[in-house]
Amino acid sequence: MKDLREKIREISKRYPDMRSAIMPALYLAQEKYGYLTREAMEEVAEILGIPPVAVYEVATFYTMYNKEPVGKYHIQVCTNVSCMLLGAETLVDHLRKRLGIDVGETTKDGLFTLSTVECLGSCGTAPVMQINDTYYEDLTKEKVDEIIKTLKEEAS
Amino acid sequence: MATVTIDGKTITVEDGTLILDAARSLGIEIPTFCYQAKLSRLASCRLCLVEIEGQKKLQPSCATPVLDGMVIHTQSPAVVTARRAMLEFLLANHPLDCPVCDKGGECELQDKVFAFGPREGRFTEWKRTFHSKDYVLSPVIIKNANRCVQCQRCVRICEEIVGASALGSIGRGVKTEETSFMRAWLNCDHCGNCIEVCPVGSLMSLPYRYKARPWDLKEVDTVCPYCGTGCTLTVGLRDGQLLRVRSRRQTGVNEETLCVKGRFGLDFVVHEDRIKRPMIRKNDVLVPVSWREVSNYLKERLLPLKGKGDSVGGLLSAQMTNEEIYTFQKLFREVFGSNNIDSSSRWPVASEGDFYPALLDLISTGIYRGNLREFLSADTLLVAGSNLTDENPVTEYAVRYTLSVLPLHLFILSSRPSRLDKAAKGVKRYIPGREVRILASVLKEVMKAHEEDLKRTFGDVGEVIQGEVIEDDFVRALSSRLLGSRRISILVGTDLLRSPLAVDAFRVISNLIKVLRAAGKECGLQFLFDRSNQMGAIDMGAFPRDGGMGFGSLLEASRDGRISFLYVLGEDPVLNYPDGRLVREALSQVGLLLVQDAFMTETARMAHVVLPGATFAEKDGTFTSNEGRVQRVRAFYNPPFEARRDLEIISHIASLLGVDLETDPSSIFAEIKDLISPYRGVDYEGLGDNGLFTGHEKGVDKGLHPVAIRDVALEGWGFITGNHLYHSGYLSQRSRLLGSLIDAPFLEIGKEGADSLGVREGDSVKVRRNGQSIELKVRVKEGLPEGLLFIPENFGSLSINNLMEKGVYPFPVEVRKNG
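In order, the protein sequence lines correspond to chains U and F.
Each step along the first sequence adds one to the number in this note's numbering, with nothing skipped, and position 42 is 42.
Add 156 to the 1-based position in the second sequence for this note's numbering, that's all there is to it.
Hint data in this document are derived by calculation from the structure and do not stem from the laboratory.
There may be inaccurate statements among the hints.
Stated by the list, open to error - Some chain F residues well away from chain U (every beta-carbon gap over 10 angstroms; in silico):
hint, residue
1, Ile326
2, Arg916
3, Ile930
Unchecked claim - Only pairs whose alpha carbons sit at most 27 angstroms apart, straight line, appear in this in silico DSS-like list of lysine-lysine:
hint, chain 1, residue 1, chain 2, residue 2
4, U, Lys32, U, Lys108
5, F, Lys464, U, Lys13
6, F, Lys578, U, Lys7
Said to hold, decoys possible - Computed beta-carbon distance windows for the label pairs:
hint, chain 1, residue 1, chain 2, residue 2, range
7, F, Lys212, U, Lys149, 51 to 57 angstroms
8, U, Lys149, F, Arg365, 55 to 61 angstroms
9, F, Thr285, U, Met18, 32 to 38 angstroms
Yeah, the Cβ is synthetic: ideal placement off N, Cα and C, and Gly gets one too.
Please model the complete structure; the sequences and the hints are all you need to start from.
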């Protein structure tokens, strides 16, 4: 398996400016470490040869980068207009009760982290949530329960 | 050209002019926040919105260029309303804690709200709060993010001008915070330019915190005493105490920037090490005496030496004013009849007799006396022998700025890597002593391409370069670039002045300039002197002339017992002369060693007589910067205890010998103006905020100098020395604030070198030479040439000059890992 440095070096070749490579590099770092630690951001900066603060700017701008540890499954519920109109907030409440955590928290067993995010770009199938890299669309409470159940089984 | 109408007034301006600048040239003031003249355009604060007829939406005048025929309104109801709304938005989250804010009274937000409204606050919501307590970002910088208006001037100046890139915009939207990586302690230059540009009290000076209200400050404009860049600065005093230093917008070479030494390093003037009263050595102990007693003593000792030229000599600091230097050399030349005068004890290290003639020839051939910013507006810039980042930080800012706005091609020939390397088209590292071969190789290439022009100008030039030249990427790239340029500027740094082959280097550069000019190009040079008035010292004639001895020869003569009187003014050769053994031995053999200084230096400790002089803070006069710009130094303190102004002391000594010398700076300057031709057009009274430039004296063209290429051998390890960003001499050593930024000297070593020694960053190593050794912490610096080490000079505790030897450079040493 290629290490992070090699992967970032390779991907950075596609860009005219190393700063343009920050986002894909951060994704690679997040993939490796689970979330963006201080050391991970410094490593990305060092590999790309740019100031650490430039990496930190990008990492803090986007919600897709986790600055805190997240559970095995990171549930990101869209609460932007279309999803909100179709009941996203009810879903969030349901998830809070079901998982016993608040938004921004992780379950004790380390399985689930619940977040609300802005538009996921799938308004046609609202309400939508994203768990890790997978989209779940046209959600209802029942569908959500089913998804959580499947993930729990998958994990055990 | 475009003709536009702004508020009913018509003006014709260059295409591409911003509406804001067009308005300002009409005297119409448009308020701004995020706009800063030398920074990239952000157009985020929307305060400078104007109405353009035919366009529905208001446009930011700081980012909108004029178009021919535009009709613009800056005071229309729509503009006034929008402006007020923008300020209301800024106030929505601003804590309005003005009573405890250092910025209160000189805050741009206060001023703008006062001028443009709103007159009432409508927000009843909670304010965004990042933190309840201000957090410290460095020993000199403290942050309050709640007050920030997100103009990002700090972020931009840090990246675009300073090149430190230590600040960023963190988060987004209303939660954006301009701060450091992880909000942690800044790894930066601590220059405080972020504080200077902050319009509100978000980035603040920690030493100035809660010390004064700005309207209580008495402000005095003066010139930085550190390096030769010659930044103007304004000191702020309350109850006679120096509390802060700031720069002034669009003024001087520095234009609202300063480096860490200028902004935070002036506290040396109140260091407890000040010499309080005159002292005479009695029974081998320096005993404080009255001025009367010391005067009688000096009179008795000096009278027999009047007119005894050869056995007396003087060394003075190039951080003295022109008037002091002029008077000092006059004392020696006219009263003692001696030409044994020098103004630096740190170079030359070799071929002393030829050094000044070669340097003066280079000056008369090539120097460009004029604005640095104009000097940098060239096609090609060659920086030779300097780590600009450490040696002349503000000159580096100017270079970085120029690179961002003009198609300037930068080439760097330097022993040490620097932050500018990244921006250069060509970088060449070398071991000092090998620069001549590199420069001569470039010269040869250029001469080859212009044989006809040279013949026409110089006749048959013969073999100008004797010896083997090199052909490498740097030489090829630089030569071809020089051939393709119309205007070429060269910055010559102190590394070249220290080189054992300095004389040859000067001659090659002088030849290069002459050849490029013969080829029809504009070419000039400026020096990167690291002392505030080195240029002035040379102009004033503070060097050996007509067979006089330079400081190195004076030391040798002293060692042999041939010097009866040595007068050292404001220099500490015991600490910084590059041969510790020689300087100690020599000074102990001088008949009468007189040291005049503000501080109790190592040299003063060896003196027979010590006189308490003044710092720059206590005197009036002028400095001449590396640009040849004459600027006013203004006193803001009185000499403490029984110290006196140096000019008064020099003239007092003359009076003991029955000669009257002027003590009024403006009268002395008038004499300088009469006698020293570059100063002919400079009027002391006319030195305004920006000073005045000395004029160029046309040198006599003596044709090309033949140069034989020699090499300096270095086997194993050798170290070089120079300034550090936080330290450049015994003044910075006495700054408490600068001391808090760097606690110990260090050894810079290349990556490969560190690996070969098995040392890592922070490890301790022992550096040995001739039975002397010192211990240092390692700093790994990528890009130092193989075998070369760097140790900053002027760390008093270290006495690195014990490892140095006259005529040698770099200094060969053994290095071993400690323990």
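Inset, instruction - Please write out, lowest number first, the hints stated earlier that are contradicted by the structure. - result: 1, 5
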